[in-house]
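Colleague: Listed below, chain by chain, are the residues.
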Amino acid sequence: MEKDIAIQVKNVTKEFKVPVKGNKNTLQERFLNPFQKTHYREFIALKNLSFDVKKGEFFSVIGPNGVGKSTLLKIVSGIYVPDEGSVEVNGNLVPFLELGVGFNPELSARENVYLNGTILGLTKKELDKYIDEIFDFAELRDFADMSIKNFSSGMAVRLAFSIAIRVKSDILVLDEVLAVGDAEFQKKCYAYFDSIKGTKSILYVSHALSSVSRYSDRVLWLKEDRTYEIGDPAEILEKYKGSL
Amino acid sequence: MLSKNDIDLYKQFVKTIFKMRYKGSILGFLWVLLKPFFMFLILFVVFSSVSGQVGNLTSQQYAVYLLSGLVIYTFFQEGITWGLNSIMERAGLIVKINFKREIVVISALTMALINFGINLLIIGIIGTVLGVQFSLLGIAYILLIGVVMFLGMYGIAFFTSIWMVYVRDLAHIMELVLQLMFYASAVFFPIEMIPEQYQFIVRYNPIALFIQAVREALINQNIMNVKFVLLSLLLSIILIIIGNKYFKKKILKVAENF
Chain A
1 MEKDIAIQVK
11 NVTKEFKVPV
21 KGNKNTLQER
31 FLNPFQKTHY
41 REFIALKNLS
51 FDVKKGEFFS
61 VIGPNGVGKS
71 TLLKIVSGIY
81 VPDEGSVEVN
91 GNLVPFLELG
101 VGFNPELSAR
111 ENVYLNGTIL
121 GLTKKELDKY
131 IDEIFDFAEL
141 RDFADMSIKN
151 FSSGMAVRLA
161 FSIAIRVKSD
171 ILVLDEVLAV
181 GDAEFQKKCY
191 AYFDSIKGTK
201 SILYVSHALS
211 SVSRYSDRVL
221 WLKEDRTYEI
231 GDPAEILEKY
241 KGSL
Chain B
1 MLSKNDIDLY
11 KQFVKTIFKM
21 RYKGSILGFL
31 WVLLKPFFMF
41 LILFVVFSSV
51 SGQVGNLTSQ
61 QYAVYLLSGL
71 VIYTFFQEGI
81 TWGLNSIMER
91 AGLIVKINFK
101 REIVVISALT
111 MALINFGINL
121 LIIGIIGTVL
131 GVQFSLLGIA
141 YILLIGVVMF
151 LGMYGIAFFT
161 SIWMVYVRDL
171 AHIMELVLQL
181 MFYASAVFFP
191 IEMIPEQYQF
201 IVRYNPIALF
211 IQAVREALIN
221 QNIMNVKFVL
231 LSLLLSIILI
241 IIGNKYFKKK
251 ILKVAENF
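Chains as they are written, first to last, in the working numbering: chain A, 1 to 244; chain B, 1 to 258.
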């Protein structure tokens, strides 16, 4: 793989087998219908997809629901394995398919910072160092010892975002998690992405076309017939809007 | 190999499970001690008052007999159950982020090990009150048995945690098997109470053999079933090696099958 490439996706195909009638996760159905083979409907999520994300590039993926955008992010993040083709990653990749993964509503905000931060790859030592800054950025210093279950969803997501930006990574994978919280906090989020632009490689999936056009260097458009187009944001977005 | 973050993640998982288990209850952490103690008390009162004397054991001996059975069985039950459920319970995390999945399994088993340690402490306390003479060798032997069981259950969990994702019935099946094991391991009654022709069930049951070894070490300061314990150690290590390979291969497809 060339040095200036962060993510290389080569001829990736991913198929899911969806059971047609119910889910045969219990023995009951197998007992009741011992001779009936489970019928699966094959669902092709991605077909022969290839693209590169260059180092420092902000690369966005757009397309209607069900074209495999999230599947793509999961494959790139190493959560799914592709049926065919390969994915190579050059650098430390951290996925944000959701903010605040592993947040436990019963635990305090402070405990959750340690839990979520460790899940995202930080060590306890690093979190000890960052914890004050995290609460300051989230503007939640006075709530550090409150259970997350008593947080509003906006507060929880602010805390999650503030942890996320502390994570050491060269490559970020983002599923609709660019700017969160109220208008005021969203400004801070945008300011953060402005500040890291060009230093980290970002693979971003979104339906928010305004932020796609604002940040992207290139855009990948996944279509319902499993074809795709890659190109300049202005050009691709115009075609995409025309197709809707 | 293991990074600093992996170790921190392991500690975080264990801490979280521990905190969650007793969160919200008034007595909190005390339940760790109270639950096994009352479980012991119930069985002890029921059995020693119904029959006056249990087999040919004095009530002091019976107390130790019962305690050691309960502690080993509880360790087995928790280790097997928590290991089985470990991957399923973390499904939400596994589909969102890529981390070493083994950490989930080992933290579930660590939880069982911690409880086992606490329960041994209870044996120590009750035993001292009852005037049991603990021998150093006996204690060391009991700890060895704990380690062997831990390793064995870790090896088993590499398989069961994966199977559980595909066949959810396993949770119910395992519950029944564990119930059966409770009676087949002579936890609360002397082996002599079983008709002779069925005693083989206990004699060839690994959990019963572990229990027997612990009992002998506590009551008679006698080290027995050594060959069996060492063989189990060997088998456990083999199971971990094979299980680890199996787990590494199968875990790749787990995220899409929850």
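Please keep in mind that the hints were generated in silico from the structure rather than gathered at the bench. Hints are not guaranteed to be accurate.
Using 27 Å as the maximum straight-line C-alpha spacing, the simulated DSS-like pairs for lysine-lysine come out as follows [unchecked claim]:
no.: 1; chain 1: A; residue 1: LYS129; chain 2: B; residue 2: LYS100
no.: 2; chain 1: B; residue 1: LYS245; chain 2: A; residue 2: LYS125
no.: 3; chain 1: B; residue 1: LYS250; chain 2: A; residue 2: LYS124
no.: 4; chain 1: B; residue 1: LYS23; chain 2: A; residue 2: LYS17
no.: 5; chain 1: A; residue 1: LYS125; chain 2: B; residue 2: LYS249
no.: 6; chain 1: B; residue 1: LYS15; chain 2: A; residue 2: LYS124
no.: 7; chain 1: A; residue 1: LYS54; chain 2: A; residue 2: LYS149
no.: 8; chain 1: B; residue 1: LYS253; chain 2: A; residue 2: LYS124
The following label-pair restraints were derived from C-beta to C-beta distances [to be verified]:
no.: 9; chain 1: B; residue 1: GLN197; chain 2: A; residue 2: SER147; range: 29 to 35 Å
no.: 10; chain 1: A; residue 1: GLU229; chain 2: B; residue 2: PHE29; range: 55 to 61 Å
no.: 11; chain 1: B; residue 1: MET1; chain 2: A; residue 2: GLU184; range: 41 to 47 Å
no.: 12; chain 1: B; residue 1: ALA91; chain 2: A; residue 2: GLN186; range: 28 to 34 Å
no.: 13; chain 1: A; residue 1: ASP132; chain 2: B; residue 2: ILE114; range: 42 to 48 Å
no.: 14; chain 1: B; residue 1: MET20; chain 2: A; residue 2: LYS3; range: 32 to 38 Å
Even for Gly, the Cβ is constructed at its ideal location relative to N, Cα and C.
Colleague: What are the numbers of the hints that this structure violates, sorted from low to high?
Modeller: Violated: hints 2, 3, 4, 5, 7, 8, 9, 13, 14.
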